[in-house]
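4 protein chains.
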Amino acid sequence: MVPRYSRPEMTAIWTPEARFRIWFEIEAHATDALADLGVVPKGAAASLWKWWNTNPTIDVAAIDAIEAVTKHDVIAFLTWVAENVGDDARFMHQGMTSSDVLDTCLAVQLRDAADILIADLDALLAVLKRRAEEHKLTPTIGRSHGIHAEPVTFGLKLAQAYAEFDRNRARLVAARADIATCAISGAVGTFANIDPRVEAHVAEKLGLTVEPVSTQVIPRDRHAMFFATLGVIAGSIERLATEIRHLQRTEVLEAEEYFSPGQKGSSAMPHKRNPVLTENLTGLARMVRGYVTPALENVALWHERDISHSSVERYIGPDATITLDFALGRLTGVIDKLLIYPKRMAKNLNKMGGLVNSQRVLLALTQAGVSREDSYRLVQRNAMKVWESDGQLSLLDLLKADPEVTAALSPAEIEEKFDLDYHLKHVDTIFARVFGG
Amino acid sequence: MVPRYSRPEMTAIWTPEARFRIWFEIEAHATDALADLGVVPKGAAASLWKWWNTNPTIDVAAIDAIEAVTKHDVIAFLTWVAENVGDDARFMHQGMTSSDVLDTCLAVQLRDAADILIADLDALLAVLKRRAEEHKLTPTIGRSHGIHAEPVTFGLKLAQAYAEFDRNRARLVAARADIATCAISGAVGTFANIDPRVEAHVAEKLGLTVEPVSTQVIPRDRHAMFFATLGVIAGSIERLATEIRHLQRTEVLEAEEYFSPGQKGSSAMPHKRNPVLTENLTGLARMVRGYVTPALENVALWHERDISHSSVERYIGPDATITLDFALGRLTGVIDKLLIYPKRMAKNLNKMGGLVNSQRVLLALTQAGVSREDSYRLVQRNAMKVWESDGQLSLLDLLKADPEVTAALSPAEIEEKFDLDYHLKHVDTIFARVFGG
Amino acid sequence: MVPRYSRPEMTAIWTPEARFRIWFEIEAHATDALADLGVVPKGAAASLWKWWNTNPTIDVAAIDAIEAVTKHDVIAFLTWVAENVGDDARFMHQGMTSSDVLDTCLAVQLRDAADILIADLDALLAVLKRRAEEHKLTPTIGRSHGIHAEPVTFGLKLAQAYAEFDRNRARLVAARADIATCAISGAVGTFANIDPRVEAHVAEKLGLTVEPVSTQVIPRDRHAMFFATLGVIAGSIERLATEIRHLQRTEVLEAEEYFSPGQKGSSAMPHKRNPVLTENLTGLARMVRGYVTPALENVALWHERDISHSSVERYIGPDATITLDFALGRLTGVIDKLLIYPKRMAKNLNKMGGLVNSQRVLLALTQAGVSREDSYRLVQRNAMKVWESDGQLSLLDLLKADPEVTAALSPAEIEEKFDLDYHLKHVDTIFARVFGG
Amino acid sequence: MVPRYSRPEMTAIWTPEARFRIWFEIEAHATDALADLGVVPKGAAASLWKWWNTNPTIDVAAIDAIEAVTKHDVIAFLTWVAENVGDDARFMHQGMTSSDVLDTCLAVQLRDAADILIADLDALLAVLKRRAEEHKLTPTIGRSHGIHAEPVTFGLKLAQAYAEFDRNRARLVAARADIATCAISGAVGTFANIDPRVEAHVAEKLGLTVEPVSTQVIPRDRHAMFFATLGVIAGSIERLATEIRHLQRTEVLEAEEYFSPGQKGSSAMPHKRNPVLTENLTGLARMVRGYVTPALENVALWHERDISHSSVERYIGPDATITLDFALGRLTGVIDKLLIYPKRMAKNLNKMGGLVNSQRVLLALTQAGVSREDSYRLVQRNAMKVWESDGQLSLLDLLKADPEVTAALSPAEIEEKFDLDYHLKHVDTIFARVFGG
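Note that the protein sequences, when read in sequence, are chains A, B, C and D. Numbering follows the working numbering, in which position 369 of the first sequence is assigned residue number 369; successive positions increment by one, without gaps. Numbering follows the working numbering, in which position 199 of the second sequence is assigned residue number 199; successive positions increment by one, without gaps. Numbering follows the working numbering, in which position 324 of the third sequence is assigned residue number 324; successive positions increment by one, without gaps. Numbering follows the working numbering, in which position 292 of the fourth sequence is assigned residue number 292; successive positions increment by one, without gaps.
In short, the hints are calculated from the structure, not lab data. Fair warning: there could be bad hints in the mix.
Note: identical chains are not told apart, hence a pair may lie in one copy or across any two.
Claimed, not checked - DSS-like mimics (lysine-lysine), calculated; alpha carbons at most 27 angstroms apart, straight line:
#	residue 1	residue 2
1	K337	K205
2	K400	K50
3	K42	K71
4	K400	K71
5	K42	K425
6	K347	K385
7	K385	K351
Whenever a hint applies, use it, and build me the whole structure from the sequences.
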């Protein structure tokens with residue numbers, strides 16, 4: 001976890017205190033169920049909650065000190081609780097194993113993290129929608145291979161991003177369901193020493209579903225799917241960040257990250273305004289993607305369980321969720337305040353001497369009876385001249401002066417192919433597909 | 001693609017012939033829709049299908065030769081079709097761009113690959129279920145950290161695998177839906193030169209859904225999610241393969257890959273019977289997982305599109321699906337014919353002098369009023385003696401001879417804790433959760 | 001292996017024929033050594049070479065047919081050789097194990113692949129050097145964050161690439177040495193049944209060093225290092241490819257991939273000239289990097305060996321080396337024929353109204369006694385006006401009109417800060433560092 | 001960074017204080033050189049060092065507060081230094097850019113981290129050597145595919161690990177040299193505003209070499225190679241950790257992690273002694289390997305530089321080095337105190353009824369004139385009976401009772417093939433190769 005790439009709400013999920021609080025709730029709910037089943041005295045569960053309701057401070061240092069001796073974190077925690085609650089605490093954890101606590105706790109943490117990330121996506125989607133509608137009909141050049149292709153609108157670019165993050169939201173909702181299971185099944189998962197009804201009770205109280213078959217641990221394919229989904233979302237963040245980095249290039253400058261007063265772009269060059277936020281997002285995306293492979297490697301635990309997954313999760317549990325939360329927040333801010341320059345877009349759009357209309361002329365020629373190959377050749381030979389003139393020549397002028405072209409199309413017909421609105425006529429259709437309505 | 005790790009049905013999806021066939025269908029269906037819209041003559045579409053219905057051989061070499069000149073695969077294909085169909089062919093591809101063909105084709109291929117993989121999973125699930133039920137109550141030792149823990153059944157191991165692959169099936173069904181979209185939206189995705197109804201028609205004919213907003217290409221987050229899902233499935237394959245590799249170890253030998261007559265385990269050591277299939281699966285899983293990262297890196301294309309994704313997909317499209325198909329088939333065969341040795345399982349289960357019952361004694365002591373810490377100490381001190389005796393001492397004997405233990409529990413009470421059936425009493429519950437019923 | 005991204009020399013290393021030829025040489029050289037040691041008859045080795053000198057065709061299909069029964073590739077090969085050589089063949093492979101053959105063969109193949117890749121790097125370095133010297137003093141804008149910073153030369157860009165690939169060459173030479181070891185140590189590597197002098201003989205004949213301690217297999221940390229090195233080289237390829245993609249953008253157009261006659265940039269848009277080769281290289285780099293992780297996962301084999309590495313190497317051995325060879329060749333061609341536009345570079349360099357000189361003015365102000373903070377503020381406030389004017393205003397004019405600036409610097413002093421040569425004065429120094437001399 | 005997987009010496013490299021101290025030294029040494037060149041007053045450099053020699057506390061919070069306004073870390077630091085040093089501080093950083101400071105600082109940090117890791121490897125190598133010599137001739141079964149193969153010694157296993165980590169040491173020394181470069185080249189690396197002699201001076205003072213051609217930043221192929229090397233080392237850690245995990249399995253139990261008094265293996269099962277340290281190392285290895293991919297992705301920065309690498313390095317700089325340092329320390333402790341059980345090794349070695357001698361019999365039969373195929377068949381048919389008897393039958397007995405075998409070999413000849421020392425005769429040779437002497 002890197003503090004500068006962290007936000008407090010997500011970070012709070014991963015503190016030792018938060019973890020111990022979830023552990024207590026798992027243990028206390030389980031003790032309730034054990035008491036209902038007559039396995040432990042009703043009073044034992046009551047004692048636990050009575051102490052808990054005093055809102056005790058979690059003494060992390062004390063628990064760590066016990067762990068330094070026992071070398072076992074859950075035993076250390078239980079010992080500390082027993083020191084506070086007294087004799088009734090011995091009924092806690094009856095028939096349970098540490099993994100029941102640890103894995104169910106991780107499920108709660110990842111579920112809560114997923115909820116924050118879903119809210120992050122909702123915030124991003126709202127901003128993308130607002131700005132997409134704002135620039136629904138702002139013409140700009142569409143680029144394939146970094147080369148001018150044909151006109152689009154800036155709103156279409158954002159509509160695409162909206163649709164992509166909306167898919168990511170659905171994927172995350174599925175991954176959240178995948179991860180949100182409770183296992184209280186005891187050693188090697190047989191329920192030998194603990195009734196399955198305890199698991200059902202704890203699951204219900206914590207808002208989880210029951211893990212159908214655990215083997216002391218919750219199977220790690222669930223976690224792998226969760227972190228893989230975060231990796232896909234990171235890929236989408238990089239895509240949108242890269243778009244903005246491109247648009248802010250000096251020669252393009254169609255959009256720009258907001259540049260706050262007092263900000264310095266470079267210690268050496270006072271003229272600089274750099275897309276540092278989106279460059280930063282590009283790097284953060286690399287990290288979130290980098291956590292996918294360890295998560296995939298965690299699936300193949302030995303037999304009923306080994307503990308190799310645990311250290312990995314101590315890193316990637318916080319690091320992947322905190323980083324992605326920060327990145328989504330940062331991206332939302334970038335889009336929200338993005339400086340958008342329609343005039344520059346218009347200027348760039350016209351930079352290529354009308355080349356962006358080459359396809360329409362090609363189609364018109366074929367429809368006028370010229371073979372596809374000849375049409376292509378006719379348009380390409382004029383287009384290449386414009387290309388090489390660095391925008392000084394006009395495709396329209398050249399075409400009107402090319403007798404092979406004018407043999408098939410009249411000047412008016414040619415001119416009609418250079419109409420910008422022609423390219424925008426289905427923007428409504430696409431917006432309706434993406435945003436409904 | 002490595003021939004020895006390939007099966008013909010999946011491989012057939014990825015041949016040049018198969019690709020060109022899909023390309024033709026996309027073009028011809030699109031021409032139908034264009035004809036219905038009055039953009040091209042009805043006869044043009046008819047000519048295409050008429051030729052197609054002669055079941056023409058796809059001359060891959062001829063198409064490649066054209067591509068060597070044009071350096072553009074779709075143009076090469078269209079030129080070749082035109083050579084065969086004649087003049088009407090010039091109406092093909094009107095207003096379309098290569099990506100419309102390429103991306104929709106890839107969607108068909110990945111969708112078809114997903115269908116094979118889903119069938120593979122169904123076959124694996126059927127075998128897992130059969131063998132799980134066969135060994136539902138075959139006792140075997142459960143191991144955590146590779147160390148004997150408490151009894152489970154061999155059926156439970158397979159039930160866990162069933163549940164895991166059943167989750168994978170659901171994930172793959174979702175990934176299939178994610179990938180199965182059709183884009184016929186023309187240059188930079190604006191439909192400027194092609195009516196959206198063409199896309200709808202082709203989508204319907206090919207069994208795809210319409211891509212809501214494409215940018216000449218189908219967005220690559222869909223593909224990233226698809227390949228990430230394959231990576232998760234590979235992780236599960238490695239898990240089950242690793243289980244079998246462990247069970248076949250000389251000292252364990254509770255199960256063994258089928259060893260066919262005439263097979264040689266080692267060129268040098270005639271006594272060897274090695275788990276080479278599951279070791280192979282472990283390696284194949286590494287490959288399928290390795291393809292996830294390039295797929296994630298493919299998401300961030302520049303602006304409306306660049307073509308950097310294409311070379312990646314020429315590798316991982318076939319390699320990931322063919323390898324996973326092969327691996328699932330191989331794993332299904334391994335489980336189907338797995339030699340399972342219940343006698344050895346029983347022998348191993350009893351190897352540790354009854355240590356596997358330590359928890360029950362611990363719980364009984366605490367329920368008899370001994371503190372948890374004292375109970376743990378009492379059991380551990382006897383357990384460690386058994387442990388160090390290499391199975392020569394019996395935990396039951398030692399406990400009955402420990403006055404601090406017998407002060408709390410009678411000999412009969414202690415003996416009752418060494419009952420195997422105690423551990424198996426919830427097997428039915430778990431099977432019902434996994435298999436229903 | 002994707003044929004279109006393959007070159008014949010590298011591909012030839014990985015054919016079954018080539019593999020079987022190396023196998024034979026290992027076996028025959030080993031038999032020579034065994035004969036010298038008196039373990040097998042001298043005539044046995046002679047028989048092998050006698051047959052070999054007839055230059056026999058390797059009947060891959062026959063060997064595969066035998067493997068289909070024995071399920072063991074080396075045994076199948078030995079059987080086939082015995083069918084050809086006759087009775088003396090039974091002395092082959094005495095005391096050896098399959099891995100002796102397989103791993104030493106892989107060492108030969110990777111060593112040969114490394115030699116091709118080193119030659120590829122040499123070719124690339126030669127081209128980079130030539131073009132760097134050609135454009136040693138061609139001024140162009142240096143960009144940080146995609147934003148104009150200060151002038152550099154195009155030669156400097158290529159000198160950087162040269163230095164980077166020269167480092168990669170040194171890394172590959174080291175990786176080649178790491179991989180080029182011979183192990184003929186028999187089952188579990190103890191030399192129990194084969195004298196270490198056999199290994200020494202084979203190593204010398206094949207140009208390998210002796211593996212100091214093998215465990216039936218050559219340790220896979222060597223291979224991991226090899227493939228990791230290829231991954232680093234791929235990263236450098238992506239860097240240079242990305243540079244060219246940026247330079248070819250429509251708005252920048254300072255350099256361009258060679259566009260051959262007859263080439264079509266787009267099936268739909270005849271005006272397009274796209275940087276498809278460097279985009280392709282970007283994708284290929286993703287693949288070569290993607291093979292690093294499976295190679296790293298291959299290190300942790302079980303005990304003296306398991307065979308999980310084998311399937312991985314059947315993919316990445318050919319795929320990583322063939323792809324990288326192709327990519328290096330393609331990149332060399334791109335640089336060799338790169339169209340470079342000094343006029344456009346000059347135009348772009350002057351596009352920003354002189355902003356690229358902001359640092360020099362800043363430094364001059366501080367040296368004239370203005371505090372750093374005030375200097376920064378003075379330059380920035382004028383620079384931002386120029387920035388927002390889209391190149392219409394001139395920084396020089398504004399500075400000369402700013403009384404706070406002119407209080408510290410005279411107009412002549414300010415003008416002197418706008419001298420291009422100032423930025424190029426150390427190009428010689430850097431070239432001498434990179435190219436020597 | 002996860003505190004429980006961190007050691008103080010390595011962690012200290014990565015604190016904000018440590019970073020600011022290195023920044024200061026870079027700036028002050030550069031100011032010395034600038035003063036020598038007459039660019040800034042001699043007194044300015046003296047003022048810096050005078051303040052520094054008062055051993056001032058680095059007020060991280062104050063610097064962070066300035067950064068919150070300027071959004072630029074180096075400017076914030078310079079401002080804070082100026083507040084402390086006074087007017088002379090304005091001569092600092094003349095002609096430099098932030099990257100000169102940041103990248104050279106990172107080089108110092110990674111170089112220092114490499115030095116700790118090299119020392120870690122030395123400590124591990126010393127322990128491996130000691131324990132290898134201790135068990136040089138302790139016989140144990142060698143296993144391929146997890147299946148008993150032929151005898152080795154425990155010392156050989158450790159000698160292999162020694163050789164592997166010795167290779168890793170050499171790789172790390174090379175990676176250290178690769179990373180330890182100094183760049184003080186100013187904006188876009190042209191030295192326009194700073195003399196190359198400044199760089200040479202700072203490099204010498206900090207023990208770095210001069211970066212031949214930087215582009216404002218040090219090229220990231222260097223860092224990629226560094227982190228890839230750490231990933232390879234992590235692979236070797238996983239290999240040795242996996243070996244120990246296997247050896248500690250209940251059925252094997254040939255070695256065991258030291259189990260300290262007061263330790264609890266399981267909260268539920270008091271009998272457990274689990275290889276938790278080596279399982280933990282397996283997980284940590286996944287993390288260190290996981291950082292390789294982001295490092296590889298960092299190479300392709302845009303043009304002269306973008307800042308996407310920076311966030312990645314804020315994670316993996318500390319995380320990869322701290323985790324690897326911890327892992328190497330933990331592994332050294334595990335090997336140092338490893339409980340090794342020669343009796344159990346002997347017991348396991350004899351477990352298979354002499355099957356481990358099958359190869360010798362095979363070779364003897366062929367040398368007695370039986371064809372290789374027949375020899376294999378004869379040995380295999382007896383071996384399979386022993387295999388299936390679960391160690392109850394003896395291969396020696398069966399062979400002596402097989403008339404086809406005794407037709408070729410006398411009983412005494414057969415018995416002689418069952419001699420353990422035969423397998424150990426080259427241990428000295430291998431030890432001499434690995435440890436010299």
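Exercise. Checking K385 and K351: alpha-carbon separation at most 27 angstroms within a copy, between copies, both or neither?
Worked result: Intra 14 angstroms, inter 24 angstroms, cutoff 27 angstroms: intra and inter.
For this session: Please work out whether the CA atoms of K42 and K71 approach to 27 angstroms or closer within one copy, between two copies, in both situations, or in neither?
Result: neither (31 angstroms within a copy, 58 angstroms between copies)
Exercise. Given identical chains, is K337 near K205, meaning Cα to Cα at most 27 angstroms, within a copy, between copies, both, or neither?
Worked result: neither (42 angstroms within a copy, 44 angstroms between copies)
For this session: Pop the pair K42 and K425 into one bin, within, between, both or neither, using alpha-carbon distances up to 27 angstroms.
Result: Between copies, since 25 angstroms is at most 27 angstroms while 71 angstroms is not.
Exercise. How do K400 and K71 come out at 27 angstroms by Cα distance, when the copy is not named: within, between, both, or neither?
Worked result: Classified as neither; 85 angstroms inside a copy, 30 angstroms across copies.
For this session: Pop the pair K400 and K50 into one bin, within, between, both or neither, using alpha-carbon distances up to 27 angstroms.
Result: neither (90 angstroms within a copy, 39 angstroms between copies)
Exercise. Should K347 paired with K385 be assigned to within, between, both, or neither, using CA atoms and 27 angstroms as the limit?
Worked result: Both. Shortest intra-copy (20 angstroms) and inter-copy (19 angstroms) distances satisfy the 27 angstroms Cα cut-off.
When the structure is compared with the earlier hints, violations turn up for hints 1, 2, 3 and 4 and for no others.
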